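K.L.:
Assemble chain W with the ligand onto chain Z, guided by the hints.
The listed protein sequences derive, respectively, from chains Z and W.
Take the first sequence: its position 53, counting from 1, is numbered 53 in full-length UniProt numbering, and each next residue is one higher.
Take the second sequence: its position 238, counting from 1, is numbered 238 in full-length UniProt numbering, and each next residue is one higher.
Source of the hints: derived by calculation from the structure; they are not laboratory data.
A quick note: this is a predicted structure, and the numbers were derived from the prediction, not measured.
It is possible that part of the hints are untrue.
Said to hold, decoys possible - Below, in silico cross-link-like pairs of lysine-lysine (DSBU-like), each with a Cα-Cα straight-line distance of 30 Å or less: (1) W:Lys15 with Z:Lys139; (2) Z:Lys139 with W:Lys10; (3) W:Lys91 with W:Lys6; (4) Z:Lys104 with W:Lys91; (5) W:Lys10 with Z:Lys153; (6) W:Lys6 with Z:Lys111; (7) W:Lys91 with Z:Lys206; (8) Z:Lys153 with W:Lys91; (9) W:Lys10 with Z:Lys31; (10) W:Lys15 with Z:Lys206; (11) Z:Lys206 with W:Lys73; (12) Z:Lys153 with W:Lys73; (13) W:Lys91 with Z:Lys139.
Given next are the chains, with one letter for each unit.
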Amino acid sequence: MENKPSQQKPAENTEVNQDELILQQQRRIEKEISESIALVGEKEPLQSLEREYLEDEVYLSKAKTLGQKYSYIRRTRPDGNCFFRAFSYAYLERLIDIKDEFEKFRELALKSKDNLVSLGFPEFTVEDFHDTFMEVIDKVGAGTEASRLELHKLFNEQGYSDYVVVYLRLIASGQLQREADFYQHFIEGDRTVTEFCHQEVEPMYKESDHIHIIAMSAALGTGVQVRYMDRGAGTEATAHDFPEGVPPAVHLLYRPGHYDILYP
Amino acid sequence: MSFEGKYNVKSPAVKRLMREAQELHEATEEYCAHPLDDNLFEWHFTVHGPPSTDFEGGVYHGRILLPPEYPMKPPNIILLTPNGRFEVNKKICLSISGHHPETWQPSWSIRTALLALIAFMPTPGNGTIGSLDYSTEERQKLAKKSLSWQCDSCGKIADLLSKDTAKTPITEEEQHMLDTIALKAEEASTNEPSFSSSIENVSESELRQRRMDTQPETHEQQEAEIIVNPQVETMSSSNDLFWSILIATLLFAIILLVLRRLFLV
Ligand SMILES: [Zn+2]
Numbered sequence: 001m002e003n004k005p006s007q008q009k010p011a012e013n014t015e016v017n018q019d020e021l022i023l024q025q026q027r028r029i030e031k032e033i034s035e036s037i038a039l040v041g042e043k044e045p046l047q048s049l050e051r052e053y054l055e056d057e058v059y060l061s062k063a064k065t066l067g068q069k070y071s072y073i074r075r076t077r078p079d080g081n082c083f084f085r086a087f088s089y090a091y092l093e094r095l096i097d098i099k100d101e102f103e104k105f106r107e108l109a110l111k112s113k114d115n116l117v118s119l120g121f122p123e124f125t126v127e128d129f130h131d132t133f134m135e136v137i138d139k140v141g142a143g144t145e146a147s148r149l150e151l152h153k154l155f156n157e158q159g160y161s162d163y164v165v166v167y168l169r170l171i172a173s174g175q176l177q178r179e180a181d182f183y184q185h186f187i188e189g190d191r192t193v194t195e196f197c198h199q200e201v202e203p204m205y206k207e208s209d210h211i212h213i214i215a216m217s218a219a220l221g222t223g224v225q226v227r228y229m230d231r232g233a234g235t236e237a238t239a240h241d242f243p244e245g246v247p248p249a250v251h252l253l254y255r256p257g258h259y260d261i262l263y264p
Numbered sequence: 001m002s003f004e005g006k007y008n009v010k011s012p013a014v015k016r017l018m019r020e021a022q023e024l025h026e027a028t029e030e031y032c033a034h035p036l037d038d039n040l041f042e043w044h045f046t047v048h049g050p051p052s053t054d055f056e057g058g059v060y061h062g063r064i065l066l067p068p069e070y071p072m073k074p075p076n077i078i079l080l081t082p083n084g085r086f087e088v089n090k091k092i093c094l095s096i097s098g099h100h101p102e103t104w105q106p107s108w109s110i111r112t113a114l115l116a117l118i119a120f121m122p123t124p125g126n127g128t129i130g131s132l133d134y135s136t137e138e139r140q141k142l143a144k145k146s147l148s149w150q151c152d153s154c155g156k157i158a159d160l161l162s163k164d165t166a167k168t169p170i171t172e173e174e175q176h177m178l179d180t181i182a183l184k185a186e187e188a189s190t191n192e193p194s195f196s197s198s199i200e201n202v203s204e205s206e207l208r209q210r211r212m213d214t215q216p217e218t219h220e221q222q223e224a225e226i227i228v229n230p231q232v233e234t235m236s237s238s239n240d241l242f243w244s245i246l247i248a249t250l251l252f253a254i255i256l257l258v259l260r261r262l263f264l265v
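Okay, chain Z solo, but in the shape it has when bound (with noise of 0.2 Å):
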């Protein structure tokens, strides 16, 4: 607390702490609102997207260029692990349907446990997050209309849920890291890729850019799409897939610092 009113002279510091006092003011807001959101909230038809943005031209009109591709959005909450949830939930739930990729993606989910041990990630922690991962894909694994509400209930527990978060930030962190020479040119500034890792990826709240996404998609073997929506030119939210040719199996949304899940 450098700012800190002295009892001696309340009066000028207190005028210095104002600006100070508002920003904090003003993040504490933020959270609070953030907070009000659910983890992850309930189908919506694409046209709820469309009343956000009555008032404003541009964002009307991709949304309704949107509506003609997709019929359905999932809103997650805004506190910066938004891709990484948006992605597990998104993919998880569309494995429920499909027996052989979710045994496959199983297969790969148990292994990765060894593979970020042998990288140098400590054994005792690890394990446990990976251990409700497990559990949490186990749990949705049945295939059955209990599994939707399973995933939906389980996503929504915010220990469950931020389990899942900080273990797909260990396996994006751990493919950045093995492929390090090849990822090292995405990086700006002169950190290293585990410098990268440790600063970006493996914190929980810090928000995910195109190298997340490329590290994520590229370690499940999984195709993504963002379609990007902002006060760029055009009509239309721009695709965007990772990787580049391969047919995605997760479709997002991005707005400013922000990611929803979508349904064609």
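P.N.:
Just chain W with the ligand, lined up with the frame of chain Z:
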């Protein structure tokens, strides 16, 4: 230790803490730690002063406070034994050097926090909040004295560490973490919730009101805020004091003017 009845053992955080309790159950020559009998989210720990430093031979005891979001958010450490490096009874938190407490990794653990504390003891305090820069002699004196220091709930701490269980070797990953870690006393940012008292204004309370309808504050959140506020208390009261004096002075001046008007016709 039986938390089974008290906590939801299916909750990942509870499972994780019970695992850690199991792991740290057996004391080594370097450290030991255990949750309190009635609270899995508060632990007491004991560490040996690192060899070849001012703290060699000393034994230091303290509390570990785990946030409800643990392990998504870092634990806080409070030292109880006078040591000459950290103020006692003051919350210190773990972060990567610089000022990014958010770079705590969920894959770190209470063991990581203790290793960081041990590694951080011999580093210069540089006048940061919560740090002390006592001389070597004073620290050595405190190290000797620490052997007879007692904790109200754990007893004589010098007996808590094991003399013959070798320490668990530090892994490469842990070494990397220790190279970059920093311990700091809490900064303003972590005090956020409590600042509201001093700057609450209309728009904010309106916003809050609207939010409150949909989102009742949880018990844990309130608890976390309570731990945080001793400094803030003095801060807002110093503000209050200033305003009370100002108002009193103005009132006094007005009364004086009125009286003068009334009596000095
Ligand atoms: Zn104790």
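K.L.:
Would you mind marking each hint as holding or not holding in the structure?
P.N.:
Taking the hints in turn, this is what the structure says about them:
| no. | hint | in the structure |
| --- | --- | --- |
| 1 | W:Lys15 with Z:Lys139 | 18 Å, holds |
| 2 | Z:Lys139 with W:Lys10 | 14 Å, holds |
| 3 | W:Lys91 with W:Lys6 | 26 Å, holds |
| 4 | Z:Lys104 with W:Lys91 | 47 Å, violated |
| 5 | W:Lys10 with Z:Lys153 | 14 Å, holds |
| 6 | W:Lys6 with Z:Lys111 | 34 Å, violated |
| 7 | W:Lys91 with Z:Lys206 | 25 Å, holds |
| 8 | Z:Lys153 with W:Lys91 | 36 Å, violated |
| 9 | W:Lys10 with Z:Lys31 | 27 Å, holds |
| 10 | W:Lys15 with Z:Lys206 | 25 Å, holds |
| 11 | Z:Lys206 with W:Lys73 | 13 Å, holds |
| 12 | Z:Lys153 with W:Lys73 | 23 Å, holds |
| 13 | W:Lys91 with Z:Lys139 | 40 Å, violated |
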